[in-house]
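So the protein lines, in turn, are chains F and H.
Counting from 1, position 98 in the first sequence corresponds to residue 98 in the working numbering; the numbering is continuous, with no gaps.
Counting from 1, position 132 in the second sequence corresponds to residue 283 in the working numbering; the numbering is continuous, with no gaps.
No lab work stands behind these hints, which were simulated from the structure alone.
Just so you know, these numbers come straight off a predicted model, no measurement behind them.
A virtual CB, placed ideally from N, CA and C, is assigned to each residue, including glycine.
Don't take every hint at face value.
Unchecked claim - According to the in silico footprint, chain F covers these stretches of chain H (three or more CB under 8 Å from chain F):
{"id": "1", "region": "257-268"}
{"id": "2", "region": "271-278"}
Claimed, not checked - A few chain H residues that face chain F, going by a derived Cβ cut-off under 8 Å, partial list only:
{"id": "3", "residue": "E174"}
{"id": "4", "residue": "V282"}
{"id": "5", "residue": "L283"}
Unchecked claim - Listed below are the simulated DSSO-like cross-link pairs for lysine-lysine, each with C-alpha atoms no more than 27 Å apart in a straight line:
{"id": "6", "chain 1": "H", "residue 1": "K264", "chain 2": "F", "residue 2": "K37"}
{"id": "7", "chain 1": "F", "residue 1": "K128", "chain 2": "H", "residue 2": "K264"}
{"id": "8", "chain 1": "F", "residue 1": "K46", "chain 2": "H", "residue 2": "K228"}
{"id": "9", "chain 1": "H", "residue 1": "K264", "chain 2": "F", "residue 2": "K33"}
{"id": "10", "chain 1": "F", "residue 1": "K111", "chain 2": "F", "residue 2": "K145"}
{"id": "11", "chain 1": "F", "residue 1": "K62", "chain 2": "F", "residue 2": "K146"}
{"id": "12", "chain 1": "F", "residue 1": "K62", "chain 2": "H", "residue 2": "K264"}
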Amino acid sequence: MKRLCLLIGLLTMPLLVAVAQKNLHVNAIFEGKIIPKNRMVETLAKGESLEQYRLSYFRSVKMNVTDMEYTSIYELVTKDVGMETLAEDMEYGRDNDKASYFILHLPKQQKLERYLCYQCYEASRGGKNITLVYIEGKASMKELKKMFKKK
Amino acid sequence: MTYNETEQLIERYLAGETTPEEERQLALEVSRPDAPEDWKIIAEMLGTLTTDEALYDQMMESRRPVMKAKTRRVYLKWVWTAAACLVAIAITVPLVWSRQSTPDVVAYVYGQKVTDEDVVMEMMASTMADVLGNGSDVVAQDLEDIFGN
Numbered sequence: 001m002k003r004l005c006l007l008i009g010l011l012t013m014p015l016l017v018a019v020a021q022k023n024l025h026v027n028a029i030f031e032g033k034i035i036p037k038n039r040m041v042e043t044l045a046k047g048e049s050l051e052q053y054r055l056s057y058f059r060s061v062k063m064n065v066t067d068m069e070y071t072s073i074y075e076l077v078t079k080d081v082g083m084e085t086l087a088e089d090m091e092y093g094r095d096n097d098k099a100s101y102f103i104l105h106l107p108k109q110q111k112l113e114r115y116l117c118y119q120c121y122e123a124s125r126g127g128k129n130i131t132l133v134y135i136e137g138k139a140s141m142k143e144l145k146k147m148f149k150k151k
Numbered sequence: 152m153t154y155n156e157t158e159q160l161i162e163r164y165l166a167g168e169t170t171p172e173e174e175r176q177l178a179l180e181v182s183r184p185d186a187p188e189d190w191k192i193i194a195e196m197l198g199t200l201t202t203d204e205a206l207y208d209q210m211m212e213s214r215r216p217v218m219k220a221k222t223r224r225v226y227l228k229w230v231w232t233a234a235a236c237l238v239a240i241a242i243t244v245p246l247v248w249s250r251q252s253t254p255d256v257v258a259y260v261y262g263q264k265v266t267d268e269d270v271v272m273e274m275m276a277s278t279m280a281d282v283l284g285n286g287s288d289v290v291a292q293d294l295e296d297i298f299g300n
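So that you can see chain F by itself, here it is in the shape it has in the complex:
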């Protein structure tokens, strides 16, 4: 029985990695189910290209949304933020009701750090500009902030 459980565990381990992001509610946003992909700027990177940053996976989407679309996105985001009690850490901020952000340090999976970053601010041309980023890797948030310091 022990061997059976071990075998099943070994076989489903890649599954855990594959669904690490899929378990998040915001995955629907990344998949273009809330805002279509032709209205987003999506960036995806994995593998060797990220080794210099001690990351293994990066995915981001940027979009301009209406107030109604923002409500849908906000609902999904707050569901994942609700995982705060399980998260390792969270940083968030708000600026004069025009902008808000959070950096959620999600529970580790297979010794990999996972972060969900969100930024929203009022667009000058109307609507809201939203950026959503999902990262996996070995780098700590302190290291990432140092590496990606704004010039």
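With chain F held as given, fit chain H onto it using these hints.
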């Protein structure tokens, strides 16, 4: 079957309520060497054909190899193991494949695919700087948005 069960079955047979299977079972019981005399009458009523059929079925049943309980447990364990492995593979492979089939570095700008690694990595670095340098930077971004264009 117990004596009482056989008696009950005889009553049902005499009332015409038995199924062919039950009649074969009854035939076996009443044709036993130690069966009471009054059961032999029932055997005659059932007839030679039913009795012979029942005896034949019993003989064939005893010849069929019976899987030992322990062997059966081992067999089932491996069947379940194989089934679990197949399910795990069926779920894992498509998910891992879909992740691996996309290029390592790619961007989609309003639906247009960009595969230049330098460009995509620059976009990535810019996005990271934006989201990680928040606080006052968020306001700065807004001001840039207003006055930048």
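Verification of the supplied hints:
{"no.": "1", "hint": "257-268", "in the structure": "holds (count 7)"}
{"no.": "2", "hint": "271-278", "in the structure": "holds (count 6)"}
{"no.": "3", "hint": "E174", "in the structure": "violated (46 Å)"}
{"no.": "4", "hint": "V282", "in the structure": "holds (4 Å)"}
{"no.": "5", "hint": "L283", "in the structure": "holds (5 Å)"}
{"no.": "6", "hint": "H:K264 <-> F:K37", "in the structure": "holds (11 Å)"}
{"no.": "7", "hint": "F:K128 <-> H:K264", "in the structure": "holds (24 Å)"}
{"no.": "8", "hint": "F:K46 <-> H:K228", "in the structure": "violated (40 Å)"}
{"no.": "9", "hint": "H:K264 <-> F:K33", "in the structure": "holds (19 Å)"}
{"no.": "10", "hint": "F:K111 <-> F:K145", "in the structure": "holds (20 Å)"}
{"no.": "11", "hint": "F:K62 <-> F:K146", "in the structure": "holds (22 Å)"}
{"no.": "12", "hint": "F:K62 <-> H:K264", "in the structure": "holds (15 Å)"}
Hint compliance for this structure: hints 3 and 8 are broken, all remaining hints hold.
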